[in-house]
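Asker: In the working numbering, the protein residues as written are 5 to 244.
Among these hints, one or two may not hold up.
As the list claims (entries may be wrong) - Straight-line alpha carbon distances no greater than 30 Å define the calculated DSSO-like cross-link-like pairs of lysine-lysine that follow:
#1 K240 - K31
#2 K240 - K100
#3 K83 - K240
#4 K31 - K12
#5 K47 - K83
#6 K83 - K100
#7 K12 - K100
#8 K31 - K8
#9 K100 - K31
#10 K240 - K12
Hints in this document: simulated from the structure, not taken from any laboratory.
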Amino acid sequence: MTPKLSAKTREKLLQVSTATLCTALFKRGLRNQFIQDVRPVGKTVRNMVGEAYTLRYIPAREDLNPLTVFRDRAHPQRKAVEECPQGAVFVIDSRKDPRAASAGSILITRLMLRGAEGVVTDGGFRDSPEIAELPFHAYHNRPSAPTNLTLHQAVDINVPIGCGDVAVFPGDVVVGDGEGVIVIPIDIADDIADESVEMTAFEDFVLEQVNGGRSILGLYPPTDPETGVEFERWRKASNR
Numbered sequence: 005m006t007p008k009l010s011a012k013t014r015e016k017l018l019q020v021s022t023a024t025l026c027t028a029l030f031k032r033g034l035r036n037q038f039i040q041d042v043r044p045v046g047k048t049v050r051n052m053v054g055e056a057y058t059l060r061y062i063p064a065r066e067d068l069n070p071l072t073v074f075r076d077r078a079h080p081q082r083k084a085v086e087e088c089p090q091g092a093v094f095v096i097d098s099r100k101d102p103r104a105a106s107a108g109s110i111l112i113t114r115l116m117l118r119g120a121e122g123v124v125t126d127g128g129f130r131d132s133p134e135i136a137e138l139p140f141h142a143y144h145n146r147p148s149a150p151t152n153l154t155l156h157q158a159v160d161i162n163v164p165i166g167c168g169d170v171a172v173f174p175g176d177v178v179v180g181d182g183e184g185v186i187v188i189p190i191d192i193a194d195d196i197a198d199e200s201v202e203m204t205a206f207e208d209f210v211l212e213q214v215n216g217g218r219s220i221l222g223l224y225p226p227t228d229p230e231t232g233v234e235f236e237r238w239r240k241a242s243n244r
């Protein structure tokens, strides 16, 4: 049975940065989990954390993509928006092509109101000024006004995709912050979350020491035996 993202692990992932998660994944040999050339549309108030629900585009063929295709209730893009589970992150494979929009403000508003956690594309969104004002996590490459039909044909829902050079499987854990978006294989999400919380506490200790004028030598990484003792003392005092 495929594991699920637990509430406990989700809470931990809300507290850590994508940078820290990258390092934790790198320690396990996973070097390519940070989605390339994707950034927040608006301001990020907290982390985005949820399981991936995917949509795959292929290059559009003109005879198959007139505006009338949207009248079909089973159109994959529309169907995916209406079926994306609550708490999921809707991840769109747009082949790293932002020349036409992956979606616009109406569909993204619908995702938000249905309870999705966020949306990510390696293409672009139209109506990006309006999307930036929504209380919703949205990540893209850049603004793009043309309708998706000019370049993208939606063909598959909730299948393995590529997004920004990263393999994304349905159910993978997707975390976004002000720096970007990272994908964590679901089967190691609990361990990565635990380790990242520990790393974050240590890095906070290190930053406090550096701000106090201390050298990073022996501190970061902690090769000086006293560093571990000092960290535990700091952790106890700060209730970390």
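Asker: State for each hint whether it applies.
Answerer: The hints, checked one at a time:
1. K240 - K31: OK: K240 and K31 at ~27 Å, within 30 Å.
2. K240 - K100: With a Cα-Cα distance of about 46 Å, the restraint between K240 and K100 is violated, given a limit of 30 Å.
3. K83 - K240: 51 Å, violated
4. K31 - K12: Cα-Cα ~22 Å, so holds.
5. K47 - K83: Judged against 30 Å, a Cα distance of about 28 Å means the pair holds.
6. K83 - K100: With a Cα-Cα distance of about 22 Å, the restraint between K83 and K100 holds, given a limit of 30 Å.
7. K12 - K100: 33 Å, violated
8. K31 - K8: Distance ~23 Å between K31 and K8 Cα, so the pair holds.
9. K100 - K31: Given that 30 Å is the threshold and the Cα spacing comes to 28 Å, the pair holds.
10. K240 - K12: 22 Å, holds
Checked against the numbered hints above, the structure violates hints 2, 3 and 7; every other hint is satisfied.
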